[in-house]
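Two chains, two frames, some hints: make the complex.
Next come the chains, spelled out residue by residue.
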Amino acid sequence: MKQSKLRIILAGVTAVIVLAVSCSKSFLDKAPIGSLDQNTLANKAGVEGLLIGAYSLLDGYGGAGGGWQSAGSNWVYGGVASDDAYKGSDPGDQADIVPIETYAPTASNGYFNQKWQALYDGIQRCNDVIRIMANASDISAADKLTIEAQARFLRAHYHMDAKKMWNNVPFVDEKITYAAGNFNVSNTTDIWPNIVADLDFAITNLPATQSQVGRVNSWAAKSLKAKALMFQRNYTAALPILKDVIANGVTSGGKKYDLQANFFDNFNAETKNSAECVYSVQQSVNDNSQGGNGGWGDVLNFPYNGGPGGCCGFYQPSVSLANSYKVDASGLPLLDTWNNSDLKNDQGINSTAAYTPDVTTPVDPRIDYTMGRRGIPYLDWGLHPGNDWIRDQNNGGPYSPIKNVYFKRQAGALTDNSFWTSGVTANNYTFIRFADVLLWAAECEVEVGSLSNAVALVNRVRSRMKDNPSKWVKNSTGGNAANYQIGLYASFADQATGRKAVRFERKIELAMEGHRFFDLVRYGTADVELNAYIAREKSKRTYLTNAVFTKDKNEYFPIPQSQIDLSKGALKQNKGF
Amino acid sequence: MLSLVFLLCSIGVFAQKAVIGKVTNKSNGQPLAGATVAVKGTTTVTATGNDGTFTINAPANATLIVTSIGFETIEQAVGGKSDFVFSLNEATNQLNEVLVTGYSAQRKKDITGSVSVVNVKDLKAVPAGSPEQMLQGRASGLNVITSGQPGSGSNIRIRGITNFGNVDPLVIVDGVQGSLSNLNAAEIESIQVLKDAGAASIYGVRGSNGVIVVTTKKGRSGRAVVNYEAYIGKQYPASGNPFNLLDTKGMADLTWLALKNSGQATTHPQYGSGATPVIPDYILNGGAAGIVGSISAADLAKYNVSDFSKPIYQIVAANKLGTNWFQEIFAPAGIQSHTVTASGGNDKNTYLLSMNYFNQQGTLLGTYLKRYSIRANTTYNISKNIRVGENLYLFNRDNPQIGNQSEGNAISMAYREQPIIPVYDVYGGFAGTAAKGLGNAQNPVANQMRTLGNKGNSWDIQGNVFAEVDFLKHFTARTAFGGTLSNFYYYNYGYRTYENAENNGSNSFSENAGYNRQWTWTNTIRYSNVFKEKHAVTALAGIEAVEVYGRGVGGGALGYFTDNPSFRVLSTGSSGFTNYSYAYQNALYSQFAKVDYAYDDKYLFSATIRRDGSSRFGSEKRYGIFPSFALGWRISREKFMSNIKWIDDMKIRGSWGKLGNQANVDPSNAFSQFGGSPGGSYYDINGTSTSAVQGFNATRIGNPKTGWEENILTNFGVDALLFKNKLDVSIEYYKKKINGLLFADQAPATVGGAALPAVNIGDIQNTGWDASVTYRGVANKDLKYDVGVIFTTYKSQIVNIPGNYFTAGGSRIGDFVRNQVGNPIGAFFGYEVVGIFQDASDVSKSATQDGAKPGRFKYRDANGDKVITDADRVFFGNPNPKFTLGLNLGATYKNFDFSTFLYGSFGNDVINYVRYWTDFYPSFQGAKSLDALNKSWLPTRTATNVPIAENDASFSTNQVPNSYYREDGSYLRCKSMILGYTMPTATLKKYGIEKLRVYVQAANLFTITKYTGLDPELSGSNAAFGIDYGNYPNNQRNINIGVNVTF
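Each protein sequence line maps, in turn, to chains W and V. FYI, our numbering numbers position 355 of the first sequence as 357, with every residue one higher than the one before it. FYI, our numbering numbers position 198 of the second sequence as 201, with every residue one higher than the one before it.
In isolation and in its complexed conformation, chain V is listed as follows (with noise of 0.2 Å):
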């Protein structure tokens, strides 16, 4: 092999002479570094230094092909010619762009995998802490859900759901495994997801899930330049009353009206006993509730909130119009983002450094996203064949958050309490339901004022060094070391409180900090080549290790002498002293493959190997295979097609091959494990009330025989690019099939308390299309526009599981979820609500229902025997889109630039489970909805799907999940909206300023949705999601303006 090498180089060596030039970007001059220069036909090839020249030996009739990333190609004789400058018009087309894949680089033309590409500078559109939530409607074949809180994390989804468990894409930055949450968009160089198992096998085991590859920017050679970005602005919460809520007197009438409807005593702590509701002036004096009238001096001296060592006397007056507690807790907050960049370099070394200061306040009251950041990028050339470099990133993050879709955070709170309990009472102190019949709902102000002191802070040092070596002139060998050290360290106090009807008997302190290190070691050896001019071959072999360990530890105490914050350490606390610690760790090590072959460019052939040994398995089962095949046909290339004028070029291709999955997997999995803790396994056999001897339990069984999960993956594409470069098409049809998936397994409870094992057993299977449309007009000199749609389907449908179901998705009153064999994943699951009973002879005319009564629901009688049961739960929704788009619209007009982004996604169903709390009086006494007191059932208002006020709860209504809360969860959302002017650079050279452009915008300017609750974009886990909890919305109207300036 390496004699034919040898012998393959040296053909042609005669009839040489150097040839020496420049090449240069011709939109401004600059010299371009890193453009490829070779002599066509041959195997001679050089690549510029950083001031873009170069020196080539081609014979005097060669032709020289000169390309370089993002650039069009050029091809010019050499006729005699010893000095050239070459430069090269910015790509309007991709096809040859070359694109970081999985260990290396390709041309996009070249690319026979599923591989999307996402558009670095649209992406910023999108004022977001994470790149992660920017990437929604960015590229085919990903969904991206993601809440309204700041940091908070995203659902990122490629190709749909096919675990119910991890199901999070492998993300790898600068070649190591990491973690896109935390980047800084503004220094993303390019993100590309690659989504078959032509692209993704080199990840072997990781890669089932996808893979998306993020490159930093890098310095270019040349003059140092200085480069400042930055946004500030300001995002709006929803206006009014979005919840729908009664305001006091309505809540005083809905109470009345459900206490008759259920033939119950019209009389209420607060409401007093008659005919009519009476709203009171005070609403709590001590402990007295439904106070009409004054409050005595005597009273209030008695007041006292703050000394625990004596009663508390509260007093409250009533809030007769009513509390908007939505409005009381969110508010217009404040964004802000800044950038500054250094970078340059000289012919040998180049630099990037890099600072980020983003600060998003959140509209809730109490939370924000805070991150100072540094990336410092830099390469060495040692010698012209050997480079060294490193990419390195810190970053601090303060952000406290709140527990989002829940029923005790703030946002819930704020449909739960009562309107009629002002936010503080007479001296200051909160209100709450301490007041009596108003419920055991919290103040969301006290709730998030007392976290003001919290803490979540975590630093991360990320980064890699690598060396490459050039070496037989078609060799480079690579070695990188690089990984990830997070650390996270957060406090919590929580008060004692006095003024809900169930308060914290003691003020309390937790805190808590831990690590993880996770490293990532690869070796590869690069061949590339081109034999007899129509033969390329590239051929990459490698190996890695990766590991991860991580520990972390916590305590908590109780009791705080005071709640003063610098008060605040556990060693303060006086009783209840509790701690913990945990720690994990796992390895993969393995060895890869990949050749690709290009005939002519015409016929594409590629084909990845893997072979990953990980720790989460048995020793049986450690190390699986991963192979992939993909074929490519440059139709466009083919004589038959050359006289289609209007393809300038198109590309059929298709792939198959397994990916691996690991992440469903516990590291512990093999191993049976006995544990215990002082609450589940510890016992105070001495009968002392006060101290537990330490038991211990069966916490795990093990399964060694546990293996990888197999992703089976068939993908076919087309890629066109038609009418001279305008339009630029790409269409994907997929299928994944899971062999042996990851699922805890399900037995009987026989089996005893302790975690099941993961097992390879089940199949979910995924079809759908992918697909990117893009069209770049020019309708005269000054305006250019542009069109792209994204556009992305998937099917999920469970095949096969242990238990043939599961349920998710808890609630009040049961899971609104059943996974099960022949549906999709998430599908909503309980009665269907047919209609409401309109009087006794529809109830006697109808199936046997428990808590049949007029005004209530009519649940269908699936199987027909008359009878309503457990048998009678059907599949009444689906929570998968039908599909999701992203359409970005952009135009520029002389040095006006202006570009819009919306996303929609369509077909979906969500569960508005807010409805269980405010349309159903029963469901705990807090606010209740309009519709509640409006459109429920009377025997005189009957058309209507509202069921009756009344004060008892029932199978028949709010016990049991049921189709009632179903609502369409279609949207279509504007994200961005972007007007920007670029000043000219004659009057900016003056003040040594190169670039400078202001922009405004406006994101989240509208939703179009039927969705009644806040925000119909509601993340959730893999198992069960679009139910609607309370969650913090993704849908706050933000306006901002930004600034980008180069020196």
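Isolated chain W (complex conformation) (with noise of 0.2 Å):
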């Protein structure tokens, strides 16, 4: 006993001691599992891997910010504050798209935070690569400069989106990093300069074509650099940039760029990376990332209660941009009479009460691609029904967007079955497709060139539809859906009426794809298109009734509220909020 005694005592005192001595400081040495640090990344995979990591924020969705409020598309800031379209479905569900609707914002607005976040997060990732780059041996400096290239092609179209949206936004380049302690970036200096320094980076970095589709090329690199150029109305620099395009561009797989017979095959995950596509954001499902690749950013944009998606009801276009395919009796628009009356539709009509539609007033094929009315097939879902794929009629009005659904045939393949809704597609956003240069390089014809060329370009435009009757919207006999009509501009009579006719023709080639209310603001009419759109609608949507667009102020969104606060001071608050 003695004995077992004096061993116990012996084991424990033993055992202190080595506890004490082996609790050196290796024992409080935990380093994180399953995380990778710079000095991994510092080569030429991980630096790549960092590239595509800057690439997928391009939908808006994955990083920080949210979903449909920081969406590529812009739906929100370009489609629904336009006239384009309205926030559509039920009167409280994203109640904060009202006041962006009704150009009342407050600055602490959570959706114009979530846009800035995930666009300064896409940034970031842009100059994390450019950062760990610059650590990286094993890359060769002709690689260097590719990847440099496109880091900055991206890290340019990050800023262009907030230029867009702010005017007075911060630029961030690699130098800003939260060690340094010098991310209270001021937004006083017009930041056009930093973005085209990036664009000619890209320009003179980048290949004509790349071994895969997704990466942006030279063309795409000057096609953004002349949509700066638009935006800062310099027409006379922009217009050889898109001459250049126009004749030589090709597309990152190397198909020179033209316009595609079939208009809706710039909206069909089928056909997407077509000749027409300039740059887009790669959009994938089923591919173990739970929808988060796929179009998160317009999930909510399908119709309601059984159509596609199903879910949830929103970006309704307004009544306005259907009275904007009226044509005259030679298939052209009707430049200033267009909204004088509206073309018929079954507003106030249960889906179970009969309604007619109109096959008699002449229209441009392109709304039943634009745009779901009753009674017209919608892709391959049938005819749209009407009120009952329309979540609230009163609030949203009787159309369903069209652009980013997906068809019947590819539910399952090309959608994403993880969630709530099947409104997760492999459909791209495009940014920029060919039609968008063609419409660029004719409003810097109408402004510094000639307007013989500014209508041919607008003609080429409407040539494709024009040309090719047998993919215009067919009823279930083979018919034309609708009376069909389209033609061609003889000349324009004077640059007014030609700059007129191009804006049109911009709107109505690319409404619904997010780029109408920056279009208004870049013409500098926001305010007098805005109010009279306002003024035609209020009466079918009360919720426009106190509505004002006020000039000076509501060109752009206020900064978020909370990124001034947290800068210290650094970022001012835009003009009038």
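Among the hints, a few may not be true.
Stretches of chain W that chain V covers, calculated by requiring three or more beta carbons in the stretch to come under 8 Å of a beta carbon on chain V [said to hold, decoys possible]:
no.	region
1	185 to 195
2	262 to 275
3	312 to 326
4	463 to 470
The set of hints was computed from the structure by calculation and includes no laboratory data. Only a predicted model underlies this, so the values are computations on that prediction, with no experimental measurement involved. Where a beta carbon is used, it is the ideal one built from N, C-alpha and C, also for glycine.
This is the structure:
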């Protein structure tokens, strides 16, 4: 017993000593498990991976920020804020959009902060590529240039999106880091020169074609630079670049830029990355991302109650937009009188009640590839049933969006099934498509070039529809679903007419693609156009009753209040907010 | 030093003789093991054995002092006798009670720190699955908020909130870091709550949120005792229409009212198009809505809700009266608990073996907690001075839960799903919002029924082994190794749905498992001695190592061929396969020491120091030192107090010290990390539409300079025992100040999307009073009674945080909470509603406000600039109670005992966010409240606070957080009322029963509150709480019968 007692004491004492000694520093060194550090990534594969990560925020989803709030398609800020569309759905869902639509947004509106966060997350991902590549030793100088050129292209893209939204925004390059403490960047200096500098670097160092179709090339960089110049109203500088792109541009896959015979091929996942695509966000489904790489930003923008996607009835085309597709006897838009009367629609008519669609009023065939209308085939989903697919017709009107919608045959294959909605699709959102380039060129020709060149460019866009009547929406008997008419302009009487015609063409060609609000601001006519829109629409959409677009204020959105507060005064609020 | 000890030990070695004796409990004659017998004025001391006997050497003229935990002390002159029997009275005051505090035990009267002692017997009066919930109102300084969901965790806050992250107190079970939530209350011997630095600083970097020290029961020497403790009962949810919702006709009328008020056409897919709404006979027939009349046989034949390869065809009759969804998902539910304990021992060893079965069915369909547990505690006296032992606890728990406090759970769906929708369609399928015009809510019965096959299991092994050696008379060395091995396993099946407006496109299955391993090794040496009769010294020194490691794994799949539950494994899915795993680790290594000194039981001094090294911090900031000092003065021992007869004992005490906090720093905080995920950084660069290439992004920015947060605590207290030990009062004032609050840094988005590190910037200050008062009265021989009051107040003030403020408490309309410097934690922020615009002139003369219109809210122009903007938002509510109160009343009359316990929270505001959904017609097309129809503003009904019913969302109604949602959340609840009867011992003896008590109980008998929602007791995070998002109420009436029998 004595012996065993002694042994126990000795064992205990030994254990205590061993513990005390072994508890040296190493016991407290507990590095995180399952993550990478920047040394592991400072090589070609790691930097390429970071670049992929920078591309992956083009959809506005997956990093900081939200989903639909920060969508790459800008459906809220470019679409709902313009005369393209209403918020849609029922009045209370995504109520933060209502003040955006009625031009009474506050700086604390959560939508703006989420969009801002998503863009600057994308920007810093680009900067991570550049920063970490500086420590990599296995990348050739030529490869480094191509990688940096892609990163700077994307950085310019994200900055330009912010510039369009808020005008006064900070430029964040690779020198801005948390560790350096220099992140309170001011927004009082115009960042167009920085954006253009990044794009010039990209133009110089990007190849004309890429082995992977999702990578941007030098032609995309030129097109984006032209867009930057358009937003600065520098038509003189933009025109030669646009001419070069039109004459010589090819896609990353090597296809010569051209319009697709079938207009809707631009919005169909099966025909993505066509010759018309200058650059787009590549979306994928059923790829283990549980929908995260699909079109999350537009997931709300599908018909309701049994329609495709099933949710949530947002982004409903406006009555004014529908009216924009009315044409005269020669198939040309009614540039001045388009909104004097409404195209027939099923507002206030339940789906159980009879309704005959208007098949006599001549309309541009693009209307039924831009919005779903009752009684007209909705892709391969059969006839649009009207009110049944609308969440609250009183609030959102009679029409449904269509450009982001998938075909019935694609359900499950090109849509993701992981969710409460099947509206997560592999449809790419195209940031710049060739028709966009042609119409910018037309604008430049109107402003600083020749009107006849402008006519030719507009007619090239119109001819795609005119020359391909077989691609128009057909009814069950094979005839046209409505009285489609499209003609070409013979000439523009004067510059003012040309300007009006080109801008109208942009409106109807690119409607519901997230450009309209920014175009109106670019033209400088947002107050006139949007106040006219409100005056026309407020009897239909009662929440617009008191809406007013204030010139020199509502052209830009308020800088998110939380960002101003966090920047310790480095960020200044926009005028009027 | 050692020689001094030897010298002191040798004093009075001569003229001694052996005295023997036995110590018993006077009330039942049982021997008392472990009682201390000391020779007064010397260091000679011994403890009784398991049979209550002792031997001690004492001079003939000496006095023996006999003490034992929970008993009154006896002093007895030896007087030449050599054989004694001491029968000890159970203590009526707690002064001599020995409390387990940090790493050691102390008599209550010697304690200088702030320690709340929980009366474990009272604790068990509340029937609940976890001792956490039972602690509510039982210890001063402690606030506990729990939902009614079986097995739900609780928000436990000791002396308020001092951090926006984790403020959970450290829980020590039998000396090892553990958890309260799964303990069986019947096995708990004692619970002490250490609140100030004097008491808790020995826990160093983990002590700042306070420490709850739990000791479980041990066996006692003597014959084997078998005890059976059980109760069984039923819980009753609220009756009637607790959300105050409209019926079917009311909804139709409200729809017409809202459309008319908005100037919109009165058409609706269900109610037709006309001057008055028509309630249809059927709400759905295939794709058609609002059918008046009957359904043809041909249509009935098309019915299909199961074959998804064909079109779904559903036929749903209207519930013309209205479905009461709350009552469809809530129903009375059973609760039962059974504990069998066998314990005993001999002079060498003791054992306790206990088994518990607990089964609480939730009143909400498909929720329950079932737990099976076993405890085995044993001690072995290897020799007189060596003891070893172990505490072991195993449990298995089956507890599927709903996501509480969310708009998507069944409780929220019960106020969102419209009453015209029946539970089932005409052929027994689920009915829902697939019927047009009825919003996007889901059938809560369907949701809960579909969860019935889900499982949420966990099983844990908790415990420790220890060895103690007494040596050199005054020293005890102890080593203890223990910890927890927790495992969880859960799987959920998601059905493909058909009845909703927004349906799941596929069935799905996910399965998840993981474990957490945590061990603690503690080694201490304790020294205890009394010098020259008056100088009592206790010293403790120790080292401790803690390591935590855990891993988890899971996966999911879609497209199950059948919904048959036996088909549900991951590999039988057909698509959408996903998987994940994760791992984490952290460690702590510490040294500590404590000295307690008492002079003549009058002046008490205590000092503690602890040095902690934590792996959570970078090497530069790894170690922290946490000191504390405490002083006590038993003023009642002073001569000048001896004349004051009504004061039996009075102690004034104060403490100051630093405590640490590392809970709110991620173990990876020091490291800059990169990672990636399919949804977050992968990209389909090849344009394939169905595959993505791996990409990376920065996930965390590290900060090696972040260190622990220091909480500086000052505490003053008075403990008094008055009026012949009848009144026991303890009052304390405290102040808690944070130095280097751990706070996730805030920076503008220009730093990118990676998580920012926690940094040491900020200060939150808490001040408050705690008090506990107990009065024990004896009316006569038969009637005894006691009254106990526990009073807690705290005031949290944010003194400094990076970025000045941050928002929390998110909702459909933005954040309700702004945590801002100069304000209390969790304060509600938004527009203050000052009234309703009554007419156009009211609008025009008021400040310019977006959406201003008669019938809508008028907001306060806080900055007086005549226009309502962001700058007019104000703090309009405080969710922190002014005080909370626990009131315990007990009485015994002959063999009857009665007790009742009330708990109240006073002066706290709550946000009734449910009203966003139910009071505003345009907030989704869901069910609406009676107020929306009957009290909403009209030109003819202006005396109301409910805005106009309309079909437009507006800044001036339902788009922004405003004070409309604020309500007074004060309440007083009768948590428990018990009537018990103990059988007379004489009758029982015949049947070999030692003791038998039966009781009936009513829990949550009533709640007095002005709150109009289900229950003002609302859990939340520490950054946002007191917001009702659809909470599982914790106020269900519960009637139980119980028995406690000892053989």
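Outcome of the hint check:
1. Remark: the region 185 to 195 of chain W is confirmed as covered by chain V, as 3 of its residues place a Cβ nearer than 8 Å to a Cβ of that chain, reaching the required three.
2. Closer than 8 Å: that is the beta-carbon criterion, and the region 262 to 275 of chain W has 3 residues meeting it against chain V, so the requirement of 3 holds.
3. With 3 residues having a beta carbon nearer than 8 Å to a beta carbon of chain V, the region 312 to 326 of chain W meets the requirement of three or more and the stated coverage holds.
4. Proximity of the region 463 to 470 of chain W to chain V, defined as three or more residues with a beta carbon under 8 Å from a beta carbon of that chain, is not established by the 0 residues found.
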